[in-house]
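Novice: Sequence:
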Amino acid sequence: MPRVPAGIGVKIAPHNHPAEAHELRPGAAVEIELEPREIADVTPFLRLTVSRTDEGPVIERSTVICSQFDGGPDDRYHEIFARQIDTPEKFMRLLALLMGFGSVILAGSASGTGSRGGSWSTGAGQGVLELLARALSENPESIDHLATIVEHLRGSSSGVAILPPGWDDVWIPALEARRAMQEAGSRHRRTEKPVFRL
0 MPRVPAGIGV
10 KIAPHNHPAE
20 AHELRPGAAV
30 EIELEPREIA
40 DVTPFLRLTV
50 SRTDEGPVIE
60 RSTVICSQFD
70 GGPDDRYHEI
80 FARQIDTPEK
90 FMRLLALLMG
100 FGSVILAGSA
110 SGTGSRGGSW
120 STGAGQGVLE
130 LLARALSENP
140 ESIDHLATIV
150 EHLRGSSSGV
160 AILPPGWDDV
170 WIPALEARRA
180 MQEAGSRHRR
190 TEKPVFRL
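Residue numbers (numbering that gives the first Met the number 0): 0 to 197.
All the given hints hold, so there is nothing to weed out.
Simulated DEER-style distance windows between Cβ atoms:
id : residue 1 : residue 2 : range
1  : I171      : A27       : 53 to 59 Å
2  : A183      : A18       : 52 to 58 Å
3  : S156      : A20       : 28 to 34 Å
No lab work stands behind these hints: they were computed from the structure. Quick caveat, the model's predicted, so the values are computed rather than measured. Where a beta carbon is used, it is the ideal one built from N, C-alpha and C, also for glycine.
Throw the hints in and build the complete structure from the sequences for me.
Specialist: Written out as structure tokens, the structure is:
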């Protein structure tokens, strides 16, 4: 750490755990061992706080810096995502919004409620199967985005628990239909003949 003027204190802490601050010593290498934490709480963002304490009232300023992050847990992003979408109800709402139809899932609003309390119907009365079928017809790219999200959720045990009961029964056929559409489109592009106009 570079030398700083006398009367100036410098502390550093994880951005999401500001109370876990460590004082840095001028002229000394920065080497800090942090307390164990959940994988989703591991972050490269650090809060750097500088304070003047030598005269008058204490003046303190903080900023957030991004450190170089090496050797992070492989499933870190999966855990972060699962923390944000942490219930089947939230996943169902995300599903409806991602499909681009602006529907909202109402828990228990219709029959077909799973054992975890996640409803399989939207506020408009559509079932998930119908919602995915409509997406394949009107907005097939949304299936690709949803596939990435589902893959992230499957990357952790907590994420798998968020997927509503019976999800694979409707998701796998929809995913296979989307892949068939992509393959058909690829074959069509390869067989197109060039057209020359003078």
